[in-house]
Amino acid sequence: MRETIGITGGAARTWLRAVTGIAGAFAVLDQYIGVVMTFALGAVIVLGMVSGSMIFGARSTSRRAIKDEVFECGNPSTGPARGRFAVHFYLVAILFIVFDVEVVFMYPWAIIFRQLGIPGLIEMLTFVAILGFGLAYVWKRGALAWN
Amino acid sequence: MELIAVGIAGVKALLVLLMVLSLSAMLLWVERKGSALIQDRIGANRANIFGVLPFNLGFVNTLIADPLKLLTKEDMVPAGADKFLHFLAPFLAVFPVLVTFAAVPFGDQLVIGDTVINLQVADLDIGILYVLAMSSLAVYGVVLGGWASNSRWALLGGIRGSAQMISYEIAMGLALIGAVMAFGTLDLQAIARAQGYHFFGVIPAWGIIYQPLGFLIFLIAGIAETKRVPFDLPEGESELIAGFFTEYSGMKQAAFMLSDFAESVVVAGLATTLFFGAWQVPFLFREGFHFPGGVVVAVPHLLVVALQFVSFIVKVFALCVFQILVRWTLPRYRYDQVMDLGWKYLLPLALANMLVTGVVIVLLG
Amino acid sequence: MGAILFLVLAVLTVVSALTVVLHPNPVKSALALVVTLFVLAVIFVLLDAHMIAALQIIVYAGAIMVLFLFVIMLLNLQNDDPDRGRRRLVLRGFAWAGGLVLAIELALLVRGAPVGTPGAAPAGYGGAAAVAKSLYTDFLLPFELTSILLLVAVVGAVVLAQRQRRPTIS
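Protein chains in written order, with this note's numbering: chain A, 4 to 150; chain B, -2 to 362; chain C, 1023 to 1192.
Chain A on its own, in the form it takes in the complex (with noise of 0.2 Å):
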């Protein structure tokens, strides 16, 4: 336990050293210190978070196989963890993949459409009828029912 507050208080030490300096490089770019700032002080607090139970948990008084089973209710496990699931994901995934890039398309274009006027408005237009033609077909062919 002391060990443990020894470590974790040098390695405290260097971590804000380290952050600091990393921040004050990213001075530079000033829009970006918070950015460096929230990343670092939101991985000091989230990890000292998920390993607390780890340094003040009870320790385990008894190591019986039953109590490292995984939980089915009562149920003793059947066959492995890890079956084949239906390929309905991955098709969930891909499309994600597709209308994502569509959105990030999106945005730039969302900024700058005042300027474009009308013919941005046609651009954007012929865009997403493309798309959603894409978007037909799939739920046509009823990839997007099921589960």
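One or more hints might be untrue.
Claimed, not checked - Label pairs and their in silico Cβ distance ranges:
1. A:ILE125 <-> C:LEU1171: 18 to 24 Å
2. A:ALA46 <-> B:LEU360: 45 to 51 Å
3. A:ASP33 <-> C:PHE1161: 28 to 34 Å
4. C:ARG1133 <-> B:GLY362: 53 to 59 Å
5. C:LEU1167 <-> B:LEU327: 42 to 48 Å
6. C:LEU1171 <-> B:ALA295: 58 to 64 Å
Since the hints were derived computationally from the structure, they do not count as laboratory data. Fair warning: this is a prediction, and the values are worked out from it, not measured in the lab. Glycine included, each C-beta is placed from N, C-alpha and C at the ideal position.
Put chains B and C on the given structure of chain A with help from the hints.
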């Protein structure tokens, strides 16, 4: 000097992180008592500090006893589970969500002598994109949580949960496009300041007036993203015990629960910034109140800052309470209903909203 | 100061990239790739390419890597078998030798490159508005063609995935 800038940034970051954490803790208690009120029962009210106090305090239970209990629980890792991933999953569930708040403004600016401190941890030009980027990283906590447990049910919950989250991420992103078109910028502080005007001198120009449909889509998608009821199938309280975080005990479980509330706060915070004027108080400008009648009330600078900060907190809190109310009112959706809603209804609706907004903006010139 | 920061980030990138290639566990390999992409995004920020950094995280680290993880978990990929047999060792030797050759070539190239401080980027460079302007005026055709590319991807994915209709757990 650079060090001062780093110091100020550090203080702001700490302030924002503590704000999110305390809001989450408050919400936990509000949820318990609120659900008790809705369900016509009393809720948690049995806690005392070594029997010293002459009465039992419910919130002592939630805010002190509960975390202490979770902290001292034995940290059990199931057999066959990968220890590193088991530790990483709750970290990845909470960390990106907490970090999101770096781009959200909680006030206008604080002027101390010569220095003007922007009350926002990081005034990013790409504020909204940063928030979306960090939210998209929150998926990893869920999917790894399910995988690292070496349990079929946890994995099922994890994959379902992440599939749900990514489906609604698109709707969330699209819902905000309309607001970005209306304001013409991704910078959240600029958007907050742009909502300081008043239509006809009376109605505050908040985002919800520009984008009512956008707000609705964003709120629904946001609630689905946080996996709260009515979208909490991955957690499945009455089905899969605790879904993807069944095999986590102690503070790791607390981390997953914290991520639930923290995500609610993030959704509420973003909705407040874009649709409810962020820290704006109606009729309050930097010098004081300018009421429609022509009445001008000068207000000292620090009081203005305080009022705006309080207004931000109140709005965020109100939206969070609304999410809690929704949770305890609606039954749970089936998984296919959840996916249908995300892909077949919200997505086309958000696209339509974007197009209509475009047409309106072009017509208005 | 910026040089030290870049050095740190570069080392992080290389280390996580090596982890992707060398780690036997596929899930940890994928996670190392996420870390690599994240550190790359930070390097983009140092280069003033803010928009691209955000998009890198949203699309690559936030979407494509999720797909990778889904596939790894759906297929239940096991750890790489520990190398047995001389043939494996020979192949590994070739891989390391090839890598070394590439590294030496790269070092020679970098040493021969002209040294000079880059000019300051114009204000707003790499920001959202600048990227948007050039994307929707100069690069309009590639943008529209991208939509067709995405459409092809969607149709292809549906066709591939729907070919197998085996009863599975869902």
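Now for the hints, and whether the structure bears them out:
1. A:ILE125 <-> C:LEU1171: 18 to 24 Å: holds, 20 Å
2. A:ALA46 <-> B:LEU360: 45 to 51 Å: holds, 48 Å
3. A:ASP33 <-> C:PHE1161: 28 to 34 Å: holds, 31 Å
4. C:ARG1133 <-> B:GLY362: 53 to 59 Å: holds, 58 Å
5. C:LEU1167 <-> B:LEU327: 42 to 48 Å: holds, 44 Å
6. C:LEU1171 <-> B:ALA295: 58 to 64 Å: Because 59 Å falls inside the window, the suggested range holds.
In terms of the numbered hints stated before, the structure departs from none.
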